[in-house]
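> Listed below are the residues making up each chain.
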Amino acid sequence: MTSIWDLANAQLRDLAVYEPGKPIEETARELDVDPAQIIKLASNENPLGPSPKAVEAMRAALGTAQLYPDGGAFYLRNAIAERVGFARENIILGNGSNEVIEFLCHVFLRAGDDIVTSQYAFIAYKIIATVFGARTIEIATREFEQDLDAMLAAITPKTRLIFIANPNNPTGVISDQRKIDMYMSRVPENIVTVFDEAYFEFIDRPPDTLRYVREGRNVVVLRTFSKIHGLAGLRVGYGIAPNELIKVLQKAREPFNVNSIAQTGALAALADVEHQRLTKRVVDEGRAYLEREFTAMKLRFVPAVANFIMIHVGDGARVFKEMLARKVIVRPLKGYGLAEWLRISVGTMEQNKKCIAALKEVLSK
Amino acid sequence: MNTKSISRRRFAHLVGIGAAAALVRPRVSFATEPSPARSTSSSGGIVRLSANENPYGPSKKAIEMMNGSYNLCCRYPDEHNDMLIDALAKLNGVSPEQILLGDGSGEILKFAAETFTGPSAGKMVVADPTFESIAHHAEVNGAEVVKVPLTPSFAHDLAKMGAAAKDGLIYVCNPNNPTASITPKNELRNFIANTARSTIVFVDEAYFHYADSPDYESVISLIKDHPNLIVARTFSKIYGMAGLRCGYCVAQKETIEKMRPRVMFDSVNCMALAAAHASLQDVDQVTNGKRLTNDAKTFTVTELDRLGYKTIPSQANFIMFDCKRPVVPLIAAMKQRNVQVGRLFPAMPNHMRLTIGKKSEMEAFLSAFKQTV
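Those protein sequences? They're chains A and B, same order as listed.
Residues 7 to 371, numbered by the numbering used here, are exactly what the first sequence covers, in order.
Residues 6 to 378, numbered by the numbering used here, are exactly what the second sequence covers, in order.
Isolated chain B, as found in the complex:
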């Protein structure tokens, strides 16, 4: 294991190079240089509250690490892949064999759908509404997809989902996208304990860091007792790395081994690996991100409430509120006013999903929203 620590030291050495380089070179002003490959960022007057991105960006340590890593771009990222896996294993108290990295957690969803659902492998059971990606992958592979409506409190209806499943996979997005609601920890715990081992329970914890309800918990600690449990996380949200594409899942080793043949070698790029590794060492990234998001969220929810719009209690970096009219024309009208909001979720046609941006962006939203309605 000594070899690993040397490896980390080398990686840390690279950060040193990055930091030193930053001192001697004029710093590039990131905020003022929009990427030519993106026409839809919250720049140029457009307020982007549509994709649940982190308006504060990646950790400064991640930026430094990336700036020190350009010389790695010509190399296949094999070793740094292993280093991030080691760091994530340590963070989650599991062994490295229990971690799978993906080109964003989207790729993890793809691996899981392909491995555990299909005409012979079994059905895909999802909530309605929920994040659609995994159901899409199941359909591509010819699996039957069963949609189970959320309960009146916007939790997953685990009893009905369990009853609908046969082998295959049950997808639980917690906190749920698009409703930002949670499924209570006791219910989920019991459900995992009582689900047949031939059915995979896949818990997507993309928004884990934003949830602070006493009724919420991560289920990573349950993995040791449940070979059919997979938990996914992402660097796209609190770590502000959506553009870089890095996600992962945790499961028992043998469950990971079933998915592993589908993993392309080197599916996570060197910049994402560098940034993810550095981000894990920056605790402020999480605490600051949560605090700023919560402040802007409280402000927005209060204002909407004052205007008579009810918001589903949110445990994420976005909210869903009842806009009291079809959301589709509203989305278009807001776009006219340079404010991008979340897409339609057909199960809730009169609700709007709204990303919590910076407070100034939320003010811009509220002003445009008032004018529109």
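Here chain A stands alone, though its shape is the one from the complex:
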């Protein structure tokens, strides 16, 4: 009997499936404990929760939940545009920034095309490109640093998109301004470069990629409300690009892709500078604490700039499991080919301390 896979597009057969961080509820069930006891440091979420101003705005917006959202997202796109110094026509919203990656692949990739990205790059690029029948060329890193020169050298006549996550998730390494400028001086005109800046707001001196959008280059900068704004559950991310490029991407967008509560919540969150500042401070302090502890424990880690740190633990699967038994969820990275590493999101100081205590127990065994 023929399998359904024989009928489906061949490229899908070996496609990796994205494995999200293990949910709190599921872990609580398995351990038979109250979910409130579980510490989730597995999905780079905001440990302080959503912006209180966003919550207030959402509460007021529930009463109009029966009306279709503003498909053009007039107010939110205006506010984002103002924040980043562009016009509304330079902004496209996605149902999470993942959806903007889908628009990019949808619009630019045909079966047999290539995308170029880095080894250990955020896995969504490869998953989505594969759905459209494109091949992913992954360039080896140097000590986890993305090798932009080698990425340029790997371009083929079929290359349409290059994805540079900055900093990359899960490794946490950032490419600096000099490297980006060098890259931009050499990348061919006919290739669209995507700078995925999901963690931008955590970076102290982030490289400026928007200057290339301003110059009208084929560049899309991705940002999200899932991280610093604490709104991962609402699903809203955005792309910043030259107007013509945005117009092309809009063709692939469902008219009501971003729900109305998310638009309202994101708008309020954007204005809640205090919550952003507080989140960054908590993450900065937590990250410094974790790195100090890792150093004291003689654990190898990749120096981090955002709200997560990758550490070398040897048997990642074992440590993940034993951390889980201690009610701390971290992220195993076998799917990235990093079986000896774990990714730990920065939590509140109380959560970080519990995480370190659990890690010490597990590693001393």
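Hints in this document: simulated from the structure, not taken from any laboratory.
These numbers come from a predicted model, not from an experiment.
Taking lysine-lysine and the BS3-like style, the derived pairs with C-alpha atoms no more than 30 angstroms apart in a straight line are:
hint : chain 1 : residue 1 : chain 2 : residue 2
1    : B       : K152      : A       : K257
2    : A       : K340      : B       : K258
3    : A       : K59       : B       : K65
4    : A       : K253      : B       : K128
Given chain A, work out where chain B should sit, using these hints.
Same frame as chain A, but now just chain B:
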């Protein structure tokens, strides 16, 4: 399976938190606080009868559940996604593998068009007029779109649609948007039984809850016998959640698996998941919504009839009537009078699609309409 029930208990616990919070905090008056992100609601004097929305809003239980769920906003909604799928599987008597959630059923239409139509996958066959979204997605993907006019009784012309199809997908919107008419159950049943399995029959049941004709039925029960049948439903209509974006489809597991690679992880947001889950437990939401809509519909149709305007028999929360003149200038004139009505459907340029709002809104419409014509 024990694990699932604990999960539901936890979710129910959250509702408890929401309800308790509502007691100690001053209740926000939803009706009087229009969202800043919306300038076109039925507030500020504008009567919005253009988008087939539910004027009564979401279930109170949904609002309570959302109010108890803000703490989930910082988390990716993976688990609650699974919980809603379980609830929908139970409701429809299928397994969870047979359900796919979408960012509104609009996203389900997109998945289906991308998966089953295209230059090599086959044609998209749709009625004319019908809801255009799926044909748009097929065009984006380079598929040929064939439009088959409705029959004189405004049913889908299934014989002609079947004859026009080759592989690909046949879209049957039942009840049909914009005509609010149905395709009789026996015809549809036979059609599904006789369509080649290489062609997907996609039945969009967005308005299912409003249909009460003995000649209408949902075809979800036929899925077990037809691997090429997909049925879509939405929370945008009777559940009053259009702003929240949640829809789903039911099909055989292997058919769902073909579409699944296109699904973005976490495409349904936490608020929609919470509200949808709570809505399913509120049977009054459906019965009250139907009753209020039917009353306002009967009133409107009777009044239009008195004025000499014939309405296509409606099985949905909107009507389409013969306005006896080009609808486009009429749409503009009504807008001048702060009444938004449905857009032009080019196949029926002298018909107006009108959402059934609250009775007071229908009175406002009738008054503006009389002045206009």
